[in-house]
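Novice: Residue strings, one per chain:
Protein chains: 2
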Amino acid sequence: MTATIEVLRIGQRPVRDDRVTTHAALVARAFGASRIYMTEANPEIRQGIRAINETWGGRFEVEYVDGWRPVLHEKVRQGYTVVHLSMYGESVNDVQGELRRRAADGAAKMLIVVGAKKVPREVYDAADYNVSVGGQPHSEIAALAVLLDRIYQGAQLGQERFGGARRRIVPSRHGKRVESSAYGDGDGDRPGAHKVQ
Amino acid sequence: MTATIEVLRIGQRPVRDDRVTTHAALVARAFGASRIYMTEANPEIRQGIRAINETWGGRFEVEYVDGWRPVLHEKVRQGYTVVHLSMYGESVNDVQGELRRRAADGAAKMLIVVGAKKVPREVYDAADYNVSVGGQPHSEIAALAVLLDRIYQGAQLGQERFGGARRRIVPSRHGKRVESSAYGDGDGDRPGAHKVQ
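Here the protein sequences line up with chains A and B, keeping their order.
According to our numbering, the first sequence is numbered sequentially starting from 218.
According to our numbering, the second sequence is numbered sequentially starting from 218.
Read the hints as simulated data drawn from the structure, not as lab findings.
Mixed in with the good hints there might be a few duds.
Since the list can't tell identical chains apart, any single copy or any two copies may satisfy a pair.
Claimed, not checked - Once the Cα atoms are required to be at most 25 Å apart in a straight line, the calculated SDA-like pairs of lysine to any residue come out as:
{"hint": "1", "residue 1": "Lys335", "residue 2": "Asp234"}
{"hint": "2", "residue 1": "Lys334", "residue 2": "Ala382"}
{"hint": "3", "residue 1": "Lys335", "residue 2": "Gln264"}
{"hint": "4", "residue 1": "Lys335", "residue 2": "Val395"}
{"hint": "5", "residue 1": "Lys292", "residue 2": "Val232"}
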């Protein structure tokens, strides 16, 4: 039992950032968060994530909100630990121990704030931790992935959170192996493990 | 001294994938690779990375190639360890030890292949390792970041590789601190550490 972790995506630009926002949502889902909040997002993002839940399992949620401020301040009031990813923050190398201890408490809740450009000062002030994954410009998708990987130390890559999956990958040194459930989605899958390629 | 690590981006779709490809290049640069090869890419990607090198240091290179096949097979001939990131591969949790040992050899060379959709069988066969960062669909940007983070175990986040930087971030719990060199780029920076915000 680990803490509830949610993600708040702020500052994305419609259309231009849709693919990056989609990747951020997929990473949040695949790396152990339960939900992502986003503003001004293309409705196709939520539909896409729902389709992925149906095929690959789990109950990750995409929630559209009118603005990020009420979400941020409500979570602060609710006692969430707020972690803001920023290249200006403290190094994840230095704070990962504290974040792991907090996340190990099953009753704890954590909100990870993922900005695009020009995050307002208000977010830096509201955050319990401003955390950098290196002091070089790179990618909020990468920062989110590495932060969650550091917190969970690889345990998030297990399949336990992905109940109800129609398809499940069997790790393979060469090639592709996928197990399909009896409720295959009609694209030629048969129950049981088989080679796709 | 660690191995030379290069990245080969394959299968991206022009325009549609430009931002994702840019993120992949930035992650390769920030997380310890020396070069990324890409095909059919927007020339602005290389210009953008050069501008980032000028400001933030280092000599990361973007190299455009006509096709990925010659690069892949040339690297195989040159004795590179080829690591292909694929959700169908072996778990990074299981192979990270081997990859770290290989990367710890300063004379070794590694090519990380990062695909978009539908990577041909040929790549699976050519790779020494097909590695998954979880068996869930997510993001090649995240997969590249986590793989490099697992190999370098956080050491890649130091500033040693980024010589010649005009700007350098001083990690900060709240707010933004940036050091500018005496060769500031004229956008108002003065030498020495100062608060930007």
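Novice: Of the hints given before, which are not true for this structure?
Specialist: 5
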